[in-house]
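Start from the sequences and build out the full structure, keeping to the hints where you can.
Quick mapping for you: the protein sequence lines, in order, are chains D and W. Note that our numbering has the first sequence beginning at 1, numbered continuously upward. Note that our numbering has the second sequence beginning at 1, numbered continuously upward.
Calculated from the structure, these hints are not laboratory results. Since we're looking at a predicted model, the values are computed, not measured. Ideal placement from N, C-alpha and C gives every residue a C-beta, glycine not left out. Do not take every clue at face value.
Here are the simulated DSSO-like cross-link-like pairs (lysine-lysine), alpha carbons at most 30 Å apart as the crow flies [said to hold, decoys possible]:
#1 Lys184(D) x Lys108(W)
#2 Lys65(W) x Lys70(D)
#3 Lys404(D) x Lys267(W)
#4 Lys128(W) x Lys206(W)
#5 Lys421(D) x Lys128(W)
#6 Lys184(D) x Lys65(W)
#7 Lys307(D) x Lys54(W)
#8 Lys191(D) x Lys163(W)
#9 Lys128(W) x Lys184(D)
#10 Lys75(W) x Lys54(W)
#11 Lys404(D) x Lys78(W)
#12 Lys115(D) x Lys143(D)
#13 Lys184(W) x Lys211(W)
#14 Lys57(W) x Lys184(D)
#15 Lys75(W) x Lys191(D)
#16 Lys191(D) x Lys3(W)
#17 Lys191(D) x Lys57(W)
#18 Lys54(W) x Lys47(D)
#19 Lys65(W) x Lys74(D)
#20 Lys65(W) x Lys191(D)
Partial selection, computed: residues in chain W whose CB lies under 7 Å from chain D [as the list claims (entries may be wrong)]:
#21 Asn44
#22 Asn63
#23 Val86
#24 Phe89
#25 Leu90
#26 Ala118
#27 Tyr119
#28 Arg122
#29 Arg172
#30 Gly173
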Amino acid sequence: MAEKVLLRHLDVPQIHRLAVYLAHGGYEAARKALTTLTPEEVTEQVKASNLRGRGGAGFVAGMKWSFLPKDSTKPVYLCCNADESEPGTFKDRAIIEWNTHTLLEGVLITAYAIKCHTAYIYIRGEFAFGARRLQEAIAEAYKAGLLGKNIFGTGFDLDVYVHRGAGAYICGEETGLIESLEGKRAYPRIKPPFPATYGLFGCPTIVNNVETLACVPSIIKNGPEWFKSIGPESSPGPKIYCVSGHVEKPGLYELPMGMPLRTVIYDYAGGIRGGKKLKAVMPGGSSFPVLTPNEIDVHMDFDSMRKINAFLGTAGIIVMDEDTCMVRALEIIDRFYHHESCGQCSPCREGTGWLHKLLVRLEEGNGRAEDIDLIDRIATNMMGNTVCVLADAAAMPTQSFLSKFRDEFVAHVTLGRCPLKKDGEGRRQAA
Amino acid sequence: MPKLTIDGREVTVEGGLNLIQAAERLGIEVPHYCYHPGLSISGNCRMCLVEIEKMPKLQIACNTKVTDGMVVYTKTPKVKAAQEAVLEFLLINHPIDCPICDQAGECKLQDYYMDYGAYKSRFPLEAKVRKRKVVDLGPHVVLDQERCILCARCTRFLDEVTKTSELGIFSRGDHCYIDLFPGKRLDNPYSANVVDVCPVGALTNKDFRFKARVWYLEKTESICTRCANGCNIDIYHRRGEVFRFRPRYNPHVNQYWMCDEGRLWYKELQRESRLTRPLVRGTSGLVPVTWDQALSRIAEQVTQANPADGSIVMAGIVGAKATNEEAYLCARLLTSQTVAGVVAGLSWSPPGAFADDFLIKADKNPNTRGLQALGLLNGEASVDSILKAAAEGSVKVLVVFAADLVTALGREVVERALGDVQVVVFDTDYSGITEYADCVLPIATVAETDGTFTNYAGRVQRVRQAFPPPGEAKPGWEALSRLHAKLGGAHYLSAAEVFAELAKTVPAFAGLTYGNLGSHGAQFTGLAQEEERASA
Numbered sequence: 001m002a003e004k005v006l007l008r009h010l011d012v013p014q015i016h017r018l019a020v021y022l023a024h025g026g027y028e029a030a031r032k033a034l035t036t037l038t039p040e041e042v043t044e045q046v047k048a049s050n051l052r053g054r055g056g057a058g059f060v061a062g063m064k065w066s067f068l069p070k071d072s073t074k075p076v077y078l079c080c081n082a083d084e085s086e087p088g089t090f091k092d093r094a095i096i097e098w099n100t101h102t103l104l105e106g107v108l109i110t111a112y113a114i115k116c117h118t119a120y121i122y123i124r125g126e127f128a129f130g131a132r133r134l135q136e137a138i139a140e141a142y143k144a145g146l147l148g149k150n151i152f153g154t155g156f157d158l159d160v161y162v163h164r165g166a167g168a169y170i171c172g173e174e175t176g177l178i179e180s181l182e183g184k185r186a187y188p189r190i191k192p193p194f195p196a197t198y199g200l201f202g203c204p205t206i207v208n209n210v211e212t213l214a215c216v217p218s219i220i221k222n223g224p225e226w227f228k229s230i231g232p233e234s235s236p237g238p239k240i241y242c243v244s245g246h247v248e249k250p251g252l253y254e255l256p257m258g259m260p261l262r263t264v265i266y267d268y269a270g271g272i273r274g275g276k277k278l279k280a281v282m283p284g285g286s287s288f289p290v291l292t293p294n295e296i297d298v299h300m301d302f303d304s305m306r307k308i309n310a311f312l313g314t315a316g317i318i319v320m321d322e323d324t325c326m327v328r329a330l331e332i333i334d335r336f337y338h339h340e341s342c343g344q345c346s347p348c349r350e351g352t353g354w355l356h357k358l359l360v361r362l363e364e365g366n367g368r369a370e371d372i373d374l375i376d377r378i379a380t381n382m383m384g385n386t387v388c389v390l391a392d393a394a395a396m397p398t399q400s401f402l403s404k405f406r407d408e409f410v411a412h413v414t415l416g417r418c419p420l421k422k423d424g425e426g427r428r429q430a431a
Numbered sequence: 001m002p003k004l005t006i007d008g009r010e011v012t013v014e015g016g017l018n019l020i021q022a023a024e025r026l027g028i029e030v031p032h033y034c035y036h037p038g039l040s041i042s043g044n045c046r047m048c049l050v051e052i053e054k055m056p057k058l059q060i061a062c063n064t065k066v067t068d069g070m071v072v073y074t075k076t077p078k079v080k081a082a083q084e085a086v087l088e089f090l091l092i093n094h095p096i097d098c099p100i101c102d103q104a105g106e107c108k109l110q111d112y113y114m115d116y117g118a119y120k121s122r123f124p125l126e127a128k129v130r131k132r133k134v135v136d137l138g139p140h141v142v143l144d145q146e147r148c149i150l151c152a153r154c155t156r157f158l159d160e161v162t163k164t165s166e167l168g169i170f171s172r173g174d175h176c177y178i179d180l181f182p183g184k185r186l187d188n189p190y191s192a193n194v195v196d197v198c199p200v201g202a203l204t205n206k207d208f209r210f211k212a213r214v215w216y217l218e219k220t221e222s223i224c225t226r227c228a229n230g231c232n233i234d235i236y237h238r239r240g241e242v243f244r245f246r247p248r249y250n251p252h253v254n255q256y257w258m259c260d261e262g263r264l265w266y267k268e269l270q271r272e273s274r275l276t277r278p279l280v281r282g283t284s285g286l287v288p289v290t291w292d293q294a295l296s297r298i299a300e301q302v303t304q305a306n307p308a309d310g311s312i313v314m315a316g317i318v319g320a321k322a323t324n325e326e327a328y329l330c331a332r333l334l335t336s337q338t339v340a341g342v343v344a345g346l347s348w349s350p351p352g353a354f355a356d357d358f359l360i361k362a363d364k365n366p367n368t369r370g371l372q373a374l375g376l377l378n379g380e381a382s383v384d385s386i387l388k389a390a391a392e393g394s395v396k397v398l399v400v401f402a403a404d405l406v407t408a409l410g411r412e413v414v415e416r417a418l419g420d421v422q423v424v425v426f427d428t429d430y431s432g433i434t435e436y437a438d439c440v441l442p443i444a445t446v447a448e449t450d451g452t453f454t455n456y457a458g459r460v461q462r463v464r465q466a467f468p469p470p471g472e473a474k475p476g477w478e479a480l481s482r483l484h485a486k487l488g489g490a491h492y493l494s495a496a497e498v499f500a501e502l503a504k505t506v507p508a509f510a511g512l513t514y515g516n517l518g519s520h521g522a523q524f525t526g527l528a529q530e531e532e533r534a535s536a
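In structure tokens form, the structure reads like this:
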């Protein structure tokens, strides 16, 4: 792709500054939307573009907006989900820190489309720099009349607030985010009702991911057809792939949606580090099934991934080479979910901890043969039975690791140690 | 009204019910921990998962409202697997210390494990998450964090019912625990209700813990007599001893709750000062006699004092702690043809008594409204007029039923009025007034008698005899009935018989019977007339 949409800072230095952004056509899409289109027309264009949510679920954004009740007298809120915490995912951060006004323009256009006058950007607490950048950009925008009262002289008002999270993965779950924003413990809510009808402070609310909102200005500027021409029609548009792990060139790659996973890893990220062999890839963050080397010809879009029982997720591609111990890798993943389970639902609260304890035991060489099936059983019992999908997010990688790399788990039991660990390597303590 | 099918059986229920409630109508139990009908839906325990046709995933019954044509299954293999899994999850970090846990016997973990779990443990004991035990939360409640299943019933009670929010959930995942917010104590007037809502042994009552195994206790429906609200309770007792009160659901009065003061009021029923034998005053003070001796003595005094001219010689004061039956019999006794007397009621509460806008009333008597309906608080005679007459020497015998005049009126007033009067005291305990008594008749407490109280709102509610009174004490209605018979009046064989007569003669009670009072009581049928009369 010649011109970048989401990572424009790579082409245009200092584009996080309003002056630079304006000099490169910044806020023209917002002006077009606010001055020439009705909110309904904006929603229609975004719906027509088939922009699908980049937070991981892939729900059609314009469709989500159209679920807002038409007859409500309550205020509508927009929450930008900037609580990027998925392991292996660091795309939103680059947008927040370096393409700040792209995001803000997306927020402005979306707020206009959903008739919202107060938007919150809920940013992960650890993103201190990003929060500062956002605050500076918002100040610039207010000063230039791009936020606040009577934007572009249209009478449309919008206030944008930055809210920093306090360090919990679960705040990225949209209803957990809303609870946290309300000042409460981030316990995800039972759905239905969905935020579109009962969200922030009990009012209709749209929660969209940073990358999703950052796509919006380009759709308004270039039209839905242009957007749909990028990548597969069923999930089109530009996409940031986050590549981490054992590759030569880890980093962010903005490419069309639907790139073959192999191309991303080998052509863009430079292949496996040190010429080693690939062992496994987690293509969409840590919350979804792992892929083996013979599955990486899959195209990275929502629908193609589903066909092989995988998920695009956040496109946080975690690459593992042949030296990786899969038991240890899964132990680390499940340690994360154990640490991040909010503790609300019994299966997740207790199951994540149990999974982790069993994996520590296996990795240390103290596992029993029956533990492997027990882990699988626990994951089955957790899946689909909780308020939010954190339990599924722990269960899915767990079950896929067990089924695709079962031999390694068995080897840990039969050898009584990690086969990849050299003698004398220290054992980790149980969490 | 939606018609739905649960486990192959059709049921029609009112809209708005959830599936736990709808299944209950068919006698089908959907197990649950976090759901409580008096609190908001939390949906966290996942124990009530059921299968619903056309829904791919299991759904929580507590958060699923009935709809017409819904087809629900509560016992399919999928549901059973989920229930077993949830139980296993709940128990892996539970200490399984049932032998020393007060909840044993009324613990939903124990109950459901037997019903829905009963698997072999797959979790090593040493791997359990350790948390704090014996956490002192306030004057009434102790917390064991390891036993807690984090159902959030207690926090929801404190957020939604008392709105005091002393407790919160802290930390994350399996390290979550319940604790006090910094600087808070669980000391609101309703704090001990969190023990009732706790489905496991995490929250226990300081007063009750280690006192008794619950399976040894019997349970009797009753009414709290601490104030005029008339909260419905269950009395838990064994061999004539009360171990605890717990609130009993009554949608018209107290929902699921009661106050801490009322909960501990059972101690008032079994104090050291309990009267257990009839007493008469001899030269060396009060001495025990038989009922017959005591009643004969009173009859003699009444007969001797009863002159032919028909002037008032006998009077009665009934405390608003008496049941409707007792108050009625007192009035009957003193205004019957054989005895020319007067009677008045006494409803006394300490000045400035605590009250709130929820359950606690400033009127600390359980039956003020009943006495009102019987015309004892607004009739011709009053406590003042009776005491005035006594001071003037025109009252020879004064019956004082469950009313400590000394506490209510002060020693000076009592001394002045009762100098020459033969005082007959019916009461449960020694009190200020027994010092002035010529004859003391021991009567039953609320736990030991049948009867009714009328709460502040005019709801007539039954108490039932949980066990017989100690020693020779008798239910008040029976003691009064005996005296009545001794004086030539009718002899009543049961409290129900007294109530039947009362309902026939007192308009406010018209149409009421023990049968139709049921468990939740009934509003005064003659309320309109009563109020009309009061305002006239």
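Hints, verified against the model:
no., hint, verdict
1, Lys184(D) x Lys108(W), "holds, 29 Å"
2, Lys65(W) x Lys70(D), "holds, 25 Å"
3, Lys404(D) x Lys267(W), "violated, 66 Å"
4, Lys128(W) x Lys206(W), "holds, 26 Å"
5, Lys421(D) x Lys128(W), "holds, 28 Å"
6, Lys184(D) x Lys65(W), "holds, 26 Å"
7, Lys307(D) x Lys54(W), "holds, 24 Å"
8, Lys191(D) x Lys163(W), "holds, 25 Å"
9, Lys128(W) x Lys184(D), "holds, 29 Å"
10, Lys75(W) x Lys54(W), "holds, 17 Å"
11, Lys404(D) x Lys78(W), "holds, 26 Å"
12, Lys115(D) x Lys143(D), "holds, 22 Å"
13, Lys184(W) x Lys211(W), "holds, 28 Å"
14, Lys57(W) x Lys184(D), "holds, 28 Å"
15, Lys75(W) x Lys191(D), "holds, 24 Å"
16, Lys191(D) x Lys3(W), "holds, 24 Å"
17, Lys191(D) x Lys57(W), "holds, 13 Å"
18, Lys54(W) x Lys47(D), "holds, 29 Å"
19, Lys65(W) x Lys74(D), "holds, 25 Å"
20, Lys65(W) x Lys191(D), "holds, 13 Å"
21, Asn44, "holds, 5 Å"
22, Asn63, "holds, 5 Å"
23, Val86, "holds, 5 Å"
24, Phe89, "holds, 4 Å"
25, Leu90, "holds, 5 Å"
26, Ala118, "violated, 16 Å"
27, Tyr119, "violated, 11 Å"
28, Arg122, "holds, 6 Å"
29, Arg172, "holds, 5 Å"
30, Gly173, "holds, 4 Å"
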